[in-house]
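Protein chains: 4
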Amino acid sequence: MNGNRFGRLFQVTTFGESHGEAMGCTVSGCPAGLELSEDDIQGDLDRRKPGQSMITTSRGEPDAVSIKSGIQDGYTTGTPIGMVIQNKDARSGKYEPFITAPRPSHGDFTYSAKFGTRNWGGGGRSSARETVNWVAAGAIAKKLLAREGIELKAHVNQIGDVEAPAVSFEEMLEHSEENDVRCAHPETAEEMQDRIAEYQEEGDSIGGSIYFEAQGVPVGLGAPRFDSLSARLGQAMMAVPATTAFEFGLGTEAAEWTGKDRNDDWEFDEEGDPVPVENDHGGIQGGISSGEPIYGEVTLHAPTSIPKTQQTADWETGELTEEQVIGRHDPVLPPRGVPVVEAMLALTLVDFMLLSGRLNPDRVDGQPGEYDTEYHPSNPNNQ
Amino acid sequence: MNGNRFGRLFQVTTFGESHGEAMGCTVSGCPAGLELSEDDIQGDLDRRKPGQSMITTSRGEPDAVSIKSGIQDGYTTGTPIGMVIQNKDARSGKYEPFITAPRPSHGDFTYSAKFGTRNWGGGGRSSARETVNWVAAGAIAKKLLAREGIELKAHVNQIGDVEAPAVSFEEMLEHSEENDVRCAHPETAEEMQDRIAEYQEEGDSIGGSIYFEAQGVPVGLGAPRFDSLSARLGQAMMAVPATTAFEFGLGTEAAEWTGKDRNDDWEFDEEGDPVPVENDHGGIQGGISSGEPIYGEVTLHAPTSIPKTQQTADWETGELTEEQVIGRHDPVLPPRGVPVVEAMLALTLVDFMLLSGRLNPDRVDGQPGEYDTEYHPSNPNNQ
Amino acid sequence: MNGNRFGRLFQVTTFGESHGEAMGCTVSGCPAGLELSEDDIQGDLDRRKPGQSMITTSRGEPDAVSIKSGIQDGYTTGTPIGMVIQNKDARSGKYEPFITAPRPSHGDFTYSAKFGTRNWGGGGRSSARETVNWVAAGAIAKKLLAREGIELKAHVNQIGDVEAPAVSFEEMLEHSEENDVRCAHPETAEEMQDRIAEYQEEGDSIGGSIYFEAQGVPVGLGAPRFDSLSARLGQAMMAVPATTAFEFGLGTEAAEWTGKDRNDDWEFDEEGDPVPVENDHGGIQGGISSGEPIYGEVTLHAPTSIPKTQQTADWETGELTEEQVIGRHDPVLPPRGVPVVEAMLALTLVDFMLLSGRLNPDRVDGQPGEYDTEYHPSNPNNQ
Amino acid sequence: MNGNRFGRLFQVTTFGESHGEAMGCTVSGCPAGLELSEDDIQGDLDRRKPGQSMITTSRGEPDAVSIKSGIQDGYTTGTPIGMVIQNKDARSGKYEPFITAPRPSHGDFTYSAKFGTRNWGGGGRSSARETVNWVAAGAIAKKLLAREGIELKAHVNQIGDVEAPAVSFEEMLEHSEENDVRCAHPETAEEMQDRIAEYQEEGDSIGGSIYFEAQGVPVGLGAPRFDSLSARLGQAMMAVPATTAFEFGLGTEAAEWTGKDRNDDWEFDEEGDPVPVENDHGGIQGGISSGEPIYGEVTLHAPTSIPKTQQTADWETGELTEEQVIGRHDPVLPPRGVPVVEAMLALTLVDFMLLSGRLNPDRVDGQPGEYDTEYHPSNPNNQ
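Residue numbers (the UniProt record's numbering), protein chains in the order written: chain L, 1 to 383; chain E, 1 to 383; chain C, 1 to 383; chain W, 1 to 383.
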């Protein structure tokens, strides 16, 4: 089993290794009738791609997505959407020393021990490069969610010991893409950037975290118990490379809160519906969305590939060796992780929108059984 | 939900439409350590491809497969195998009349009614062209099965009213690929070819059936009740385009057999193990393989695309129209269906080999935990 | 993997062996708001239960279902419906001779070889008794389908060489439950009964087949390619104990039909929608329901448990022995198989109704987000 | 979809509501040949059950499990294991006020809004009572893991602001069950108990956290990317009622660690195999187990049911009301959560042991194809 699939109704299936010929992603279960082109996807890919700033790897990848199927005249048809992204700038040579001498805290040893072999160039299948597929699929999910009034955003709220103060969703929308760190609090962003530079100079790397939020999520998403919204978000976010913690709502702080303080009383909203006075519950109650914003946080450990000298054990020679991972690597993961976290959030939510019948699985508009041709501008009969 | 996935541990995910840019297939769950190149796959693709004889469509498709991932130095690595097959010879123009006037007994109307739209060129996603993906995946499955001593083969045993006599597995291996019809009984093959020519001249098409057999299947495959070997073969074979019946063992004839006649007494084999005296049960007992050959039959209806004039209802104009489906089409499906049936048989069996622990899911040889580099001839350390 | 689960959204999970303490079935994914009690289920269980006539086993099982969860005040709540059916009349003693001497063409040997052991009493997990769970789950599915205007029915159309003429859906509804054979053609039913008696007297058993039909199925159900409606029906029906063939539409006869004859021209119905002139396609086109009735046939081989002496091989003593299976067994399977086939048809259809968004997965009426209490007659606030 | 299933090969399916007739759980995919009786399960159930101490609810439930299937002569048979646990002490009356006036931060509102109704007695399906099923299934998983040398344990490491110092695995085994709080550090346990008493007196409740660890996990478990070991643990643990955070390895602290500090150098162990010098990575590298202990932490918020007065909005009367949740409730969740966390850890690990071929899916010993009868002490032939 490869673990290359995500989603029950909105299904993503991926392939590709860091230094292979191409990355690829098949999205199944996207309803028909969604206007979609490569441009809708490219924006998020550009936010994730390497080489975009001084604090990302210098590997030069255009990450241009090519849609191979599932579209007719600019609209989805309900059939699988195949996407391929060519790898252009793979330089495997410098990974040869690590073939039998695993890099510390990478997947080198575990992959080799599991499979007896591995794609060793650039970390192969274990590389964060794989998330290019997730972001491509997530962009489609986002577009579907936007139609339903669901907006989501992430930003970097911690790098090392530099923490950003709480920001509003509007601030996230406005500021998080203004700086290379993707922190929605401009002053903190500068501080973060300085701190990253310090570690970079030392040949080291540093951890951090990403805050995410979704607005407009209707009440009723989630399939408790094992597939509660929090459980599935847990899986989605813990799959993000280098993640060591997932929190929603109060997260780890909840350990110190009393029931009275954390519980959110009910009042009525303008339409006379019950609505929580506060949102300490993080938008999920009993494993199901409450209609309040869903928010949480993901911790990413420091990149394991660092120029500093480390010790490894070469299983072929039987000798301990000193190694430096000189490749082109990010000194910190959260900035490029922001679109990845957004993608996983979007994929989780859109799957539950389908699972709860909020989105029709066959088509985004019209009624089942209608066989219109409105999505066919090229249909000569329509002209 | 797209229905583009097959298998629980050996997982196939496909995309592509008849006249789209490319067909594609991701195989997940293939263990590491299997020697594999495009050549291993191309042979079966060539047996399925159009334009190979007078009784297949003249569409010119090289059907050259390109493996994008999952291989290192000629061996599988246990990671997803992405494959892409370009479409080269799509001519959609002549399908325009059918956009709103569905061809009789095709998927034109049902796809449009389900999704409100469809890829109309060449039948789009409903085209038998999609099976190119299945055959590519099936070729990998066959190679894995061959390592375990499992061989399988199919041949055409009926075209219209021309039925082949029973043939042995050896005859199937020897003769089925000698003629364009893929019937392992040479005289019958000639008769079938004549019959096909007659229908072709009349602008009509004809049905037929495919017999399949697997040898060397170990006892113990199958997960009764809902995932019994027969149930999963049922799903696999009924997914083959144009299939209207699936039978195994005595099939429909079993209705007329008594228990005493059909039951297979037990005797001992040379090693002293119980073994059935006959194989009227078709290699499956209680939903689990018995160790005897698994055999059965699949009926394929006549191709629905025929030059003869047919009546359709144009939902745009509201008028009944006469139409001729003038595309390039097969007059009969079983000959090109043979590698497709073999592929589905192989995919079903390899999945159960993994599910029953007969094949290690991580690697085809070595022990879990061994991190050898034997599959890396290009590893400079190995030279 | 046990193969004890069926369905993607309407999910059935079963447990139980023929001579175990109880049979059980958990239905997940049934929407809330369906009025449901044990009475809704008991009717079909009674049609399946042993001891109901001279041509069924005399084992005395009341097969009384007890619902353990998922109901509030007589309506489903959207949470899992747990059901348990006690086994009352198990007499394992006479199965002892078969522990190491497998009965011909049963699952005795395959289960023991797969697992190294087995529940040997009454055939254990391989017994047709397991279908009591399917029928219980199917009864819920039928009730959901009926709300949507979908009706389905099966009857016995062949026993040995006695075949019933084609009957209408109305005749099936009217006559199939009038006689012990469950054949909707009264004269044929008598003939079948005579034939069964003959085999019974000889200590033998006989095969047969069941015809099924569903009316009112909307266009658009099915997820081609691997989860086409025909593929999933294939799995569902081939899982029915003793099944050796599944056919839909023309079935095996399609091999001899030309394209022109089999193709169904299109005309307009009264509402001006395209509709096929005939239904030779069996209600499924391109793997998706066409709106026409879905019909097909399932062949069941003769019961393997027969009084006639058979030879087996005792793997413990290493000796060939003669055995008679003297238990209480049916001389023919289709009569009690009728509710089982209906159940599998219902389970397949209801799953696709959910997968295509025709049925809301959370609730059968009302809108998502409404938190009414109308299903709570016992709610004191409502009185 | 109900979300009542967990696991891909070792599959758990549950039913039951807090005040329903019974809870139930079907375990599918447990290999044959495991010695198993109700006693093996009851121990963990007793650790989870209510009424065991002053800091748990006083509801009186014996939680006696009854195995209904899947066992022959004291050994598993590879077929589904059905288990039922009767509810004995449900008193729904005091929940009537909450039918239309949702309790703060419970699942009352979200369930009603999703399904339009709910089982309101005792919280129904959203009650932590449901975890009785998980613990029953987890006990079987633990027994399988123990055979493979995998041991696991959890203990309470934080209640409110009282944190336990780090303890060894051996200390966890020795001390965690000695006190009512289930904290393996005896002095801290006393402090925790005092703190709980304080909140209890105030009519309030308090949060806390659980630390877990697994020893003896072989290298190679996990299916990156989406089904990495960390991702699936994330899902498993976030499904635990009241969980707001999941961490493994350094958890949220990783944000402040540099790469050099967090990376674990490699050395050789006594057998000459590469082994990490430290275990800051938490036993998972690249999503796959490294052979080092797996450890992490789960945060549980304070119980939402508290005697203190809270405000709610009655959607029927349209009035804001004050309510007190006077039922029998725990003032803190981690103590009874310990066996639940252990169960989810065990279920996740055993599933991957099967998925990676470390455990044979059909049987725990012997070879596939062997049809011995050694598990049948009651077999008269064996005596």
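Hints may contain errors.
Claimed, not checked - Facing chain C, a subset of chain W residues (Cβ under 10 Å, in silico):
{"no.": "1", "residue": "Cys-25"}
{"no.": "2", "residue": "Gln-52"}
{"no.": "3", "residue": "Asp-89"}
{"no.": "4", "residue": "Ala-90"}
{"no.": "5", "residue": "Lys-94"}
{"no.": "6", "residue": "Gly-116"}
Calculated directly from the structure, the hints in this document are not laboratory data.
These numbers come from a predicted model, not from an experiment.
Glycine included, C-beta positions come from ideal geometry on N, C-alpha and C.
To see whether the hints hold, each was checked on the structure:
no.	hint	in the structure
1	Cys-25	holds (9 Å)
2	Gln-52	violated (25 Å)
3	Asp-89	violated (16 Å)
4	Ala-90	violated (12 Å)
5	Lys-94	violated (12 Å)
6	Gly-116	holds (5 Å)
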